[in-house]
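Residue numbers (my numbering), protein chains in the order written: chain A, 1230 to 1504; chain B, 664 to 921.
In case anyone wonders, no lab produced these hints; they're calculated from the structure.
Treat the hints loosely; a few may be bogus.
[Claimed, not checked] Partner residues are not named here, just some residues of chain A that face chain B (Cβ under 7 Å, in silico):
hint, residue
1, Gly1287
2, Pro1310
3, Arg1316
4, Arg1317
5, Met1321
6, Ser1325
7, Tyr1446
8, Trp1471
[Unchecked claim] Examples of chain A residues toward chain B, derived with CB under 10 Å:
hint, residue
9, Lys1242
10, Tyr1313
11, Leu1315
12, Arg1389
[As the list claims (entries may be wrong)] Here are some chain A residues the structure puts well away from chain B; computed CB gaps all over 12 Å:
hint, residue
13, Leu1283
14, Met1319
15, Thr1411
Quick reminder that beta carbons are idealized off the backbone N, C-alpha and C, glycines included.
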Amino acid sequence: MPADSSTTEPLVKARGLVFRRGDRAIFDGVDLDVSAGRVTAIMGPSGSGKTTLLRLIGGQLRPHAGSVRVEGQEVAALPRPGLYRLRRRMGMLFQSGALFTDLSVFDNVAFPIREHTGLPEPLVRDLVLLKLQAVGLRGARHLMPAELSGGMARRVALARAIALDPVLVMYDEPFTGQDPITMGVLVTLIRRLNDLLGLTSIVVSHDVHETMAIADYVYVLADGRVIAEGTPDELRDSSSEWVRQFLDARPDGPVPFHYPAPALEADLFDGGEGR
Amino acid sequence: MTDLVAALGQRTLLGLQGLGRAVVLVLRLLAAVPAALRRPRLIIEQVYAVGVLSMVIIVVSSLFVGMVLGLQGYYTLVDFGAAESVGTLVALSLVRELGPVVTALLFAGRAGSSLTAEVGLMKATEQLSSMEMMAVDPERRILAPRFIASFISVPLLAVVFSAVGVLGGYLVAVGMIGIDAGAFWSNMQSAVSVRDDILNGFIKSVVFGFVAGWIALHKGYEAEPTSQGVSRATTMGVVHASLAVLGLDFLLTALMFD
Ligand SMILES: Nc1ncnc2c1ncn2[C@@H]1O[C@H](COP(=O)(O)OP(=O)(O)OP(=O)(O)O)[C@@H](O)[C@H]1O
Ligand SMILES: [Mg+2]
């Protein structure tokens, strides 16, 4: 772990980030740094834009204002070849897994390796088996995605995301749908990959406890802004109501549980005029 | 009334926008063709999926079409004492029109719809997105091989259609009705020209293959990422491809056989 993050340029740097869906501002001026070599966690209520943030970093969406820089390059300004060169150095675990349904588990993990390296097939095989071993699914390599459980599919997607040993790995909800044992393994795996291979990781998760355990730095998003940031210890000691509500999983507090809507009474008793 | 005009205007605008995106897509696909050609295995897989697997429906339909042509041709020609020319009629109808057109229509229904649904579902399930994040261009990796395969398959299927159709006509005319086999073939040979008929028919089927593949892929790639969106895209893909084929057929016929 780097001793002092302030001296090195962060790997990902967002400044004044604004992104809208229709009239709704998903981000309204977000500043955020991901230091190289660290595990940075992004937490926040559902719908707060965590997945959107990862897509902005990956260049799949363009910010309406502000900037996202990865390795010093402005992602939205990169021409296609440059963007693709950058993406080869990123791995992303999609929230839905997004496995190729017509390819077996093995071929899914082999896909990025075959596309981007000219490695001979025996070597591809070894690499794939190692990645599958890491997520505990070496024995499931012949299965098709439709034959996997949700949690297994996500682990295959994880193996695929790290297949090319990327510099930056983005995990969108890696722990969802995992049993406690697998969860423990994945938590250690993410931390171990990060430290052994010198990766940089961004972990998006609702699992406060697990995430706080492996993160070096945590951002909490809500209402289009960063409402809290710091090391896990700093956040645990924080007296901010936002943070307390999130960490203690309290339903009421400054973070709204509901998607913006008119008052329930008004909605229920408006005689069915509005939908 | 103003609502109607506004709605009409909006639909026209949306339609034009869709057309614009379709043109952009086809240009990008054409640009991706050289790169895609360097991976022939991907193309061969698709030729199998869209072409070879369409063979059964093509062979069966063309056999029936040819047999019907033989019967109808005979009923019409026999009144003029020209029953021997039935081979000519069957061959010309097939090579010039029915071969390319019916093949393209069947292709749109059998293979085009599955292309649209496949690509639409890949989009809806974020497979295309995840491919992009792996720095693999889905237009090059997924769309281009399918486009090339359609372009290759339709002309070949049309050739099969015409050939089997002629055979169907032969079975009826010679086998059932009892027209002299020698007259059947020699009339056909002397009347069908390689350049005017066979080549022009082939050109038609090339154009239809291009258009059918393009429309199917465009609809799938543009599909709203929901199950409803994919189903609507599939239907619209078949409808639009069929209309485009028939419209273009008129245009090409007017240009070719004047
Ligand atoms: N394609 C889209 N079109 C319109 N709005 C969208 C689209 N995708 C997401 N949104 C909106 O953007 C907001 C942020 O979505 P996002 O998926 O980033 O949330 P999230 O923080 O990842 O939530 P979760 O924890 O549930 O995955 C949501 O309110 C959602 O309604
Ligand atoms: Mg999300």
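Each hint tested on the structure:
Look at A:Gly1287: its Cβ gets to within about 5 Å of chain B, closer than 7 Å, so that hint holds up. The beta carbon of A:Pro1310 is not positioned within 7 Å of any beta carbon in chain B (closest approach about 10 Å), and the interface hint is therefore violated. Hint on A:Arg1316 holds. Least Cβ distance to chain B is approximately 4 Å, under the 7 Å limit. For A:Arg1317, the interface hint holds, the least distance from its beta-carbon to any beta-carbon of chain B being 4 Å, beneath 7 Å.
Annotation: A:Met1321 was flagged as interfacial toward chain B, and the flag holds, the nearest CB pair being 5 Å apart, inside 7 Å. Annotation: A:Ser1325 was flagged as interfacial toward chain B, and the flag holds, the nearest CB pair being 5 Å apart, inside 7 Å. Evaluation of the A:Tyr1446 hint against chain B yields a violated restraint, the C-beta minimum of about 23 Å exceeding 7 Å. The restraint placing A:Trp1471 at the interface with chain B is violated, with a minimum CB-CB distance near 31 Å, outside the 7 Å limit.
Annotation: interface hint on A:Lys1242 violated; nearest CB of chain B at approximately 20 Å, more than 10 Å. Taking 10 Å as the C-beta cut-off, the interface hint given for A:Tyr1313 holds, the closest approach to chain B being about 4 Å. At its closest, the beta carbon of A:Leu1315 sits 8 Å from a beta carbon of chain B; the interface hint therefore holds under the 10 Å criterion. Checking A:Arg1389 against chain B: minimum C-beta separation of about 8 Å stays under 10 Å; hint holds.
Listed as outside the interface, A:Leu1283 is inconsistent with that label: its C-beta sits roughly 9 Å from the nearest C-beta of chain B, within the 12 Å cut-off. The claim that A:Met1319 lies off the interface is violated: its Cβ sits roughly 7 Å from the closest Cβ of chain B, which falls inside the 12 Å cut-off. The claim that A:Thr1411 lies off the interface holds: its Cβ sits roughly 22 Å from the closest Cβ of chain B, which is beyond the 12 Å cut-off.
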